[in-house]
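*Asks:* Whenever a hint applies, use it, and build me the whole structure from the sequences.
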Amino acid sequence: MGDTITGKSPQIQEYFPPTSTEDWLGVIQRDLKGKSIEDALIWEPEEGVRLQPFYRQEDFDAPPSPLSVPGDWAVVQAISGDSPQAARQHVSTALKGGADTLYFSGTVHPDSVEGLPALDPEAWKELLEDTTANILLRLRDTEARATEYLLGALRSAAPASFLSLLADPIAAWTSAGSGDVERGITRLLDLVKSSDATDERLLGVDLATAQEAGASHAQTIGVALATLSEYLARGTDHGLTPAKVASHLHLLLPVGTSYFLAIAQTRALRILIPQVLSAYEAPEAVPPITAETSLRMFTAYSPYTNMLRGTTSAAAAIIGGCDALIVRPFDALHSSAEDMGARVARNTQLILKHEVHLNHVADPAAGSYYIEEMTRQISRAAWSFFQKIESEGGLLEAYREGVIQQDVTDHAKKAADEVRERDRVLVGATHYPDVEESRLTEMRHASGGRIDLPSDIPAASNNLDPVERLERTRLSEEVEAIRLATERYAESIGDRPLAYLLPVGRRGIRSARATFARNFIGCGGFSIEEPVGFSKRSEAYSDLRDIRPDLVVLCSSDDAYADLTPELRSFLSDEGLDAAIVVAGYPKDQVQALKSSGVSAFVHLNANLPETLLQLQQLAGISQ
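Each residue of the sequence shown is one higher than the last, beginning at 1 in this note's numbering.
Derived by calculation from the structure, the hints in this document are not laboratory data. Source: prediction; values computed, not measured.
Label pairs and their computed distance ranges (CB to CB):
| no. | residue 1 | residue 2 | range |
| --- | --- | --- | --- |
| 1 | Ser112 | Leu464 | 12 to 22 Å |
| 2 | Glu471 | Glu338 | 26 to 36 Å |
| 3 | Ser335 | Glu575 | 39 to 49 Å |
| 4 | Ala62 | Tyr304 | 37 to 47 Å |
| 5 | Val532 | Leu95 | 49 to 59 Å |
| 6 | Ala62 | Leu25 | 14 to 24 Å |
| 7 | Gly508 | Lys96 | 51 to 61 Å |
| 8 | Val361 | Ala285 | 19 to 29 Å |
| 9 | Leu464 | Leu25 | 55 to 65 Å |
| 10 | Ala62 | Asp589 | 55 to 65 Å |
| 11 | Lys96 | Glu122 | 20 to 30 Å |
With a straight-line cut-off of 16 Å between C-alpha atoms, the simulated EDC-like cross-links for lysine to aspartate or glutamate are:
| no. | residue 1 | residue 2 |
| --- | --- | --- |
| 12 | Lys353 | Asp363 |
| 13 | Lys595 | Glu567 |
| 14 | Lys588 | Asp558 |
| 15 | Lys388 | Asp407 |
| 16 | Lys193 | Asp237 |
| 17 | Lys588 | Asp559 |
| 18 | Lys96 | Asp339 |
| 19 | Lys353 | Asp100 |
| 20 | Lys595 | Asp558 |
| 21 | Lys244 | Glu200 |
| 22 | Lys413 | Glu477 |
Every residue gets a Cβ at the ideal spot worked out from N, C-alpha and C, and that includes glycine.
*Replies:* Set out below in structure tokens:
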């Protein structure tokens with residue numbers, strides 16, 4: 001090696017990296033400069049899962065083995081349309097665009113079915129004419145009243161298709177809060193008993209109700225295992241062999257946006273299902289798992305960010321080992337949803353398949369010690385939850401006693417609190433809003449799309465079995481409801497309430513606090529006026545005469561507020577301006593004094609987002 005440009009020979013020091021986990025932890029501890037690894041780097045995303053910042057081979061008794069997972073997956077396209085003719089166009093577009101499976105979803109009411117484009121056999125024939133694609137029919141039907149009728153209609157309409165019926169009476173029961181769930185299970189098992197077809201799966205496990213009510217990854221898997229156990233036990237009592245029951249099982253698994261956890265969740269499910277099957281002496285092959293990007297993480301505002309959420313969830317589901325995948329359209333929450341959303345949803349999968357080449361690798365997460373350990377911990381936590389359910393007498397009894405609902409609600413509350421305290425970011429809804437965006441009209445969903453049930457479908461049972469509901473919610477729903485209330489108020493008076501950000505003093509602190517206040521208050525739907533900033537107070541106040549805002553948000557340093565607030569209150573009073581004063585920040589030692597001088601609210605890092613937005617709405621004259 002030649003000399004360096006200084007003319008001196010370089011001093012080369014060999015670097016020997018740490019060779020053990022203990023040595024690595026020592027290096028990390030030095031880099032943290034006094035902070036403990038426990039506080040800074042240990043992650044506990046849910047009960048039973050506690051993760052170190054990294055894992056090495058020495059942390060495993062034996063090298064983890066790759067899972068037997070499909071190297072490819074079926075592209076599933078949700079089909080919408082209020083009529084067979086309208087839905088037929090979507091079917092044609094989906095199949096020409098690369099979809100393998102057509103997905104229809106409906107809800108059965110006492111006298112009608114909602115969400116399906118067709119009901120009778122002739123209408124389905126018109127809809128599925130010359131179609132050989134696989135069919136996934138999802139029915140929320142507590143008593144499985146319409147399943148036999150619709151099954152017959154689809155058999156005659158698409159005889160060459162593989163048909164999967166997702167009519168989980170237990171999930172529908174917990175979603176509705178009552179119903180004759182026992183009759184629903186019996187009807188479903190009767191269908192299985194009478195089916196000799198090898199191209200049908202009639203026992204679907206619908207995990208959307210639990211997951212979208214806020215269940216953790218482990219709880220969702222625990223419910224899946226308990227549902228499989230329930231079907232296997234009841235199927236045996238119904239005169240079916242375990243092998244017959246197992247041949248009809250399949251699962252719908254919602255997948256969220258926590259990337260590594262979502263990968264580990266699907267892998268853990270594939271590990272645990274054979275253990276339940278083996279307990280009933282059923283073949284241990286894992287039933288097909290259809291993953292679905294979860295609606296729980298979607299936002300109604302900034303809907304284009306849902307494309308990114310869908311991509312993250314889709315990639316995690318594929319890497320985790322799903323057999324089929326449904327990507328929701330980014331505008332699924334809007335009544336104005338267009339074909340573009342469906343196309344982007346389909347193309348998301350096609351890119352992951354044909355350009356990212358995720359279909360060429362089986363179990364791509366295998367050998368990642370971090371994901372392997374996460375899989376192991378979620379598996380243990382899920383099995384523990386499954387055992388808890390079984391100890392209550394099985395799935396139905398655990399639901400009747402409220403055991404599952406309580407655990408799911410506890411976990412959901414933690415997630416909701418993270419959103420309220422702004423510890424969990426939902427881009428466009430709780431952080432970084434587009435303050436000019438309006439979604440009020442698009443969120444007004446029509447209640448149509450119902451078809452009357454024919455007379456030969458069994459009447460609804462009077463034997464109602466009440467159960468505590470699992471409320472399916474989105475994480476951004478609470479904050480978005482507040483913003484929609486602001487939009488309704490603006491519609492009634494002709495304009496949105498105005499928050500005027502008043503940046504005064506040193507440039508760095510005033511700019512930082514104005515940016516924070518804009519992102520915080522913008523989540524409530526307020527119109528925001530944001531001048532660059534003022535060095536002199538006289539300049540800062542002059543604009544207020546003409547603008548006449550509803551809120552004046554002082555953005556300055558803590559030590560300046562004691563002088564600024566009484567002066568501003570006096571100015572507003574003299575000018576006849578009825579604007580509330582809000583402080584960006586929370587100087588603890590001055591809070592009471594600032595309130596006495598006219599401050600009505602504070603926006604700051606530790607503020608509860610919905611509570612503070614509601615307070616600001618009240619100050620602006622908005623009532624929910």
